[in-house]
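Visitor: The listed protein sequences correspond, in order, to chains A and B.
Under our numbering, think of the first position of the first sequence as 1, with each following residue one higher.
Under our numbering, think of the first position of the second sequence as 456, with each following residue one higher.
It is worth saying that the hints were derived from the structure and are not from the lab.
From the three backbone atoms N, C-alpha and C, an ideal C-beta is built for every residue, glycine too.
It is possible that part of the hints are untrue.
[Stated by the list, open to error] So, partial list: chain A residues that the calculated Cβ filter (under 10 Å) puts toward chain B:
1. N69
2. F139
3. V154
4. W253
5. T256
6. V326
7. K432
8. F433
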Amino acid sequence: MQVTSTVREALVTGGKTVHDVTEDICRQVEGKPTMPWLMGMAISLGALAIGAYCVFMLLWEGVGVWGLNKTVGWAWDITNFVWWVGIGHAGTLISAILLLFRQKWRMSINRAAEAMTIFAVICAACFPGLHMGRLWLGFYWALPLPNTFGSLWVNFNSPLLWDVFAISTYFTVSLVFWYIGLIPDFASIRDRAKNKISKAVYGALSFGWDGAAKTWMRYESVALILAGLATPLVLSVHTIVSFDFATSVIPGWHTTIFPPYFVAGAIFSGFAMVLTLMLVTRKTFQLEDYITINHIELMNIIIIITGSIVGIAYITEFFIAWYSGVEAEQYAFINRMTGPYWWAYWTMMTCNVISPQLFWIKKIRTNIAATFILSIIVNIGMWFERFVIIVTSLHRDYLPSSWTMFYPTFYDVGVYLFTFGLFFTAFLLFAKFFPVINMAEVKSIIKSSSLKQSN
Amino acid sequence: MSDNKKTYWKGVEQLTNDPAFVKNAESEFPEFLPINQNEEGGSNRRDFLKLMGFGIAAASLAACEAPVRKAIPYVNKPVDIDPGIPNYYASTYTQGGDYCSIVVKTREGRPIKIEGNDLSKISQGGVNAQVEASVLSLYDNERLREPQKEGSAISWDDLDKEVATKLNSITAQGGQIRIVSNTVLSPTTKKVVEDFTAKHPTTQHVVYDSHPMEGALVANEASFGTRMIPSYHFGKAEVIVSFGADFLGTWLSPVEFTKQYSKTRKLNNGKKTMSRHYQFEGNLSLTGANADYRTPLKPSDEAKAVVALFEALSGKKSSIPNIDKAAADLKKAGNKSLVVSGSNDPAVQMVINGINSMLGSYGTTIDADKPVHYKQGNEKAFDQFVADAKAGRVAAAIFYNCNPLYNTKAGSELKEALSKISLKISTADRPDETAIAMDYIAPDHHFLESWNDANPVMGTYSFSQPAITPIFNTRQAQESLMKWAGVAQPDYYTYLKDSWTSALASAGKTWDHILHDGVIEIDPPAEGETEEDQANPQGVSVSQAIQQINANYKGSGVELSLYQKLGIGDGTQANNPWLQEMPDPITKATWDNYLTVSQAWATENNVQFVEGKSNMAKLTVGGNTITLPIVIQPGQANGSVGLAVGYGRTSAGKVANSVGVDAYPLVNKVNGVSSFDIMIGVSIEVLPETYQVAQTQTHQTYMGRETVIQEATLQEYQKDPGAGRYHAHVATWQEESGETSPGTLSLWKGHKYKNHHWGLAIDLNSCTGCSACHVACQSENNIPVVGRQEVLNRRDMHWIRIDRYYSSDAEAGDLRGLEVAAENPEVTFQPMMCQHCNNAPCETVCPVAATTHSTEGLNQMTYNRCIGTRYCANNCPYKVRRFNWFKYHDNAQFEDINTAMSNDLGKMVLNPDVTVRSRGVMEKCSLCVQRIQYGKLEAKKEGRKVKDGEINVACASACASDAIVFGDMNDQDSKIYNMLKIKDTEKADYLIEKEIGEPRAYHVLDAIGVKPNVSYLTKIRNKDKA
């Protein structure tokens, strides 16, 4: 274990003992569902039900129930897809990259962030499926499976196929990483369980964890290996998602800056979403000692950095459009700023570039209410970023005869709502039945940072 | 040896020789096996009966569930019908006076497509949208299945008996009988009418046209002594001046005129001249959109402009723009000029005759010796008929395939008068506005089920033959008339054939021959007078006409100009969904008519027009008030508004009923004849309610993008054939000059087409925008109709579209300004379909390889493989891909719109060679791959290569202006190869597909390097200044 300087601020406050950690975290799992949780669940299930109706109508009637048209072939569907994938970046980044950099402050937030990642990726994956005209064939034709169609293969040139590989790999690794981390904590819950069902369920989930030194050693090496594997994936997933646009010929899409710009944007939105969720969890589960102002401040700093990267990317795009001398390219960007969708562009600019700059002020950066509001604003901004890229580029591309507007329908909103319902239902189930903070890891930092005060 | 013999026992049983063992020792299976459970060994009778009972029950149950298929194989196959092989029949399209010589493609006995007949000297293989669409009207579910008596079915025998009795008693009492029809082109039909008149002597044949040319007929009668309309030869004219005559769209014989006109607009290495076209009109018509100089004038000024031109030719200066210029050009061109007017006023036509006479056009561009018969209506006779009917002087009226209750101004008067007519019969194919008010409906065959002839132009005859057995229990109207005239077994076919026997014999042709050709030219009997005398109008009292014009043409307030749309025309074929959904070439609007207003008027009245949405207007003319939508139309003359007729039908069928508003009641009378211009008493009130007109194109200008539209003036072209071309360039080390066209730089290796390399060349200069290709493509490729709401959702499915761009007055950099069309814009039509890119952006992005490149340069779409991600459509720079958002066939949502895919009758029109696409797949222009395959197979059967011209795509074959040319760019003898002056080059690293030598040819969006196989030729305007 690393030696921690005594001047370092404690990562967990309140003089928690190892036992306190177990108590604090397991309390939620073992106790009865609280009123706020039940209310949250009811709202989520309501959203899920309305959304499920929209999904059903979408599949029953056809993609025509959405507002898409001959010019704008993607709008909310792929906007939502990229948005959710972006959100799904924070978890693995926090666990994997910060693990490799030995950033111990990550320990009390990584579990929830990873869960968020997994649910966000599930929500994201809904859209490439649902946006297909023929989902019933597409869900397996998009995979390189051996077949009897004269051995018809998928098109390896297509960025959409790369997406299939990128997202499925990322999802698998994230899921395994998250689950491995959960095993020691499941074992703790199993050992504390008072009724048979809990014992059986958590017993099965903990894979017979015995807490032996050898087991711990293996556990740590697996975590490290998975962190190593997950790190490039964090960068590759959104890079590949950006290829959907970057490899095309449409002005506003055909942009080589997209990979780093998308990755920065993804981390930006992911951290914002983690903050939104953590602030609520922290409050309702009374975990203020584990998720401290220090955590919030550090995450806000990452938001300033990534937000600024995104802002520079926006400006660079404009510069390159001007510098390229390509008429259609220049028009695409002028149209973004001043065309019929100017409001979307300026919403994006305000939310993503201007508002995070407020975090330079320490008072705002360490203010919970301000952070909460700004974290939501960032995610609104990031949704509009994808909307601006997809819709405003498509709606006026090369031939003015095809220029048109896109108007969303009830079903566009409904399917988006469906993923919200899905996400929050899953997250609430997670919060109730799984330990929201990695007890095993947090215990390791109590000694070095928190216990010293009580000593 | 025996001593040595050892004994081995198989077991203890053998050693002990147990009797139970010995008993079974020799049998194959010593133990009991449950093979035959019953000792008798075999089934017993009860088992057999059980099995048989079950078997019969099962077999009969299975038989009940087997699908009942409607396809029945031939017992004796007809000699000339091979399943899968189309048959073609020459025939004739007539709709009132509209005429086109056609070839009908039938498959398995069903007409599925109409093509132009190349043998006709009139239509010359061209068609228009209405002709193309008429095949769908054959399968219209609204057609009557059998004769009707007051709304209920009746047998032909009963109908004939009742009608004959009544007619005979009317004749006996001396009651008046009228046969009312539109122009009848068929001489034999007229003979039948004569026979009828012989039997019932009180009969008179009243002919009217929904769009009369009474003015021209009367003026020519005054000028030439005969009531006729001369032949026009736009192809021989160097200067064309038209006053409101939409001769490329709806006036007189548009297919013929488009053929002629387009020849004067073609430019190539040999020919560097083209006609100059002036248009003076109120509404922006298709013809006006093609004019070199267009002057918007409100109707009251339009007639005055005719006078002004007449006077300008004798030296008097005019204040009307372009009149003096036109006069100067006309004088210079001399007899190679042509002046026409769309006015129905004899006075205006008289002045026009005067102008043409002054220019000496008679004998060159106008042939008065060869009158055309497209418009035979006599307004006076029709007005008299209405008056007689009102006064109760008509005892019987037979309406022969006409609908005067709808398409005349007198419709409402006539409707009231009908009660005074004791016997009313219509031969309409459906219970239309007139037919529902009749005692009897004796439905006629569709023209594709009929025998007939036509005499469109003096000396030219054209024949119709049935392409299908009559679908319903209908009867050819001629046979009905013969029956009612007392012929016991009427047979119009024999009658027709017999009436041609002598004429054919003298022309040295056989009946089979003319049916094969569809057309025949027989020189008219020479007349006594010399040509010189005949050719020039005599005794023209132009000065009197000018006086009349000055007296009659006084406008006050806003003036209304009624017009016909290319698709719907006069509304006869309004129940045809292909025509309803065909975007108007100018406004790009579908499924509606509307008030076209100028931008100035809109600003004045505070009307906003965004994406087809604007305020409604209340239009009041005389006592008629109509509430209708507004469309702002650049080029609309200030102080005038326009409105199309042909809409607002109440009894045409599910498709057309209550689409748009009926404008016929607004028709005016000027100088004693009907006029489609209302100059006085028009008031318009802008209502707060809004309405959205469904347009397929909502952005009107091309934003100054030279990558899209490249144009020049004729003078510039004459100096430099590459004038107007836009050449993008980027720096490169590969070329010595240091620059190259960005389109030549490529990541891809390119393609090598060893056999064929199909491509299209589209001449923007000849394309008039008439949209015949739209409907031809729809008919050939089973393209669904999606209806107004889906067009509003911007989901029209057409594979070919005609982009119509207006010019803008704004400066190049002013992007906001460029969005606004000029007040009187220059118009460019650009047919746009899949460009079949060699480096197709759609192909690389499809995750399942559903769209791929063929070895012949086609971009292919495999519907079966498509999973509908729409990535290809997004990545298409030309936005030509169309997605099946819904299931368009057999879907209640589209039942009344997409009739060709919703009922068993409509489905007969579908092309069996083309898949009807399912929901959720992408589609687009295939370059008629089914036709290419068919042509290749035909050539292969004969062991030779495909010859140029054997294969033609639907759009190119329909094109009346020959603006679209299809061919094999690998074939050095092909038209396209020579037109584009193709050079085959191969560069070291990349196989460049084709290098095009023609300086006018360009690829749209050349710089993005997708290398299309469709080339466009620059638009050249015959103007002094750009």
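Visitor: Can the hint on V326(A) be confirmed by a CB-to-CB distance to chain B that is less than 10 Å?
Guide: Holds - the Cβ of V326(A) comes within 10 Å of chain B, reaching about 8 Å at its closest.
Visitor: Grab the minimum C-beta distance from F433(A) to chain B and call the hint holds if it beats 10 Å, violated otherwise.
Guide: Check failed: Cβ of F433(A) comes no nearer than 36 Å to chain B, outside 10 Å.
Visitor: Is the hint on V154(A) kept, meaning its closest Cβ partner in chain B is under 10 Å away?
Guide: 6 Å, holds
Visitor: Holds or violated: W253(A) as interface residue toward chain B, Cβ cutoff 10 Å?
Guide: 8 Å, holds
Visitor: Was the hint right that N69(A) lines chain B, CB cutoff 10 Å?
Guide: It holds, given that the least Cβ distance between N69(A) and chain B is near 4 Å, below 10 Å.
Visitor: How about K432(A): closest beta carbon in chain B under 10 Å, or not?
Guide: The hint is violated - K432(A) has no Cβ within 10 Å of chain B, the shortest such distance being about 37 Å.
Visitor: Minimum Cβ distance from F139(A) to chain B below 10 Å?
Guide: Interface hint status for F139(A): holds (9 Å vs cutoff 10 Å).
Visitor: With chain B as the partner, please determine if T256(A) meets the hint condition of a C-beta pair closer than 10 Å.
Guide: 14 Å, violated
Checked against the numbered hints given earlier, the structure breaks hints 5, 7 and 8 and satisfies all the rest.
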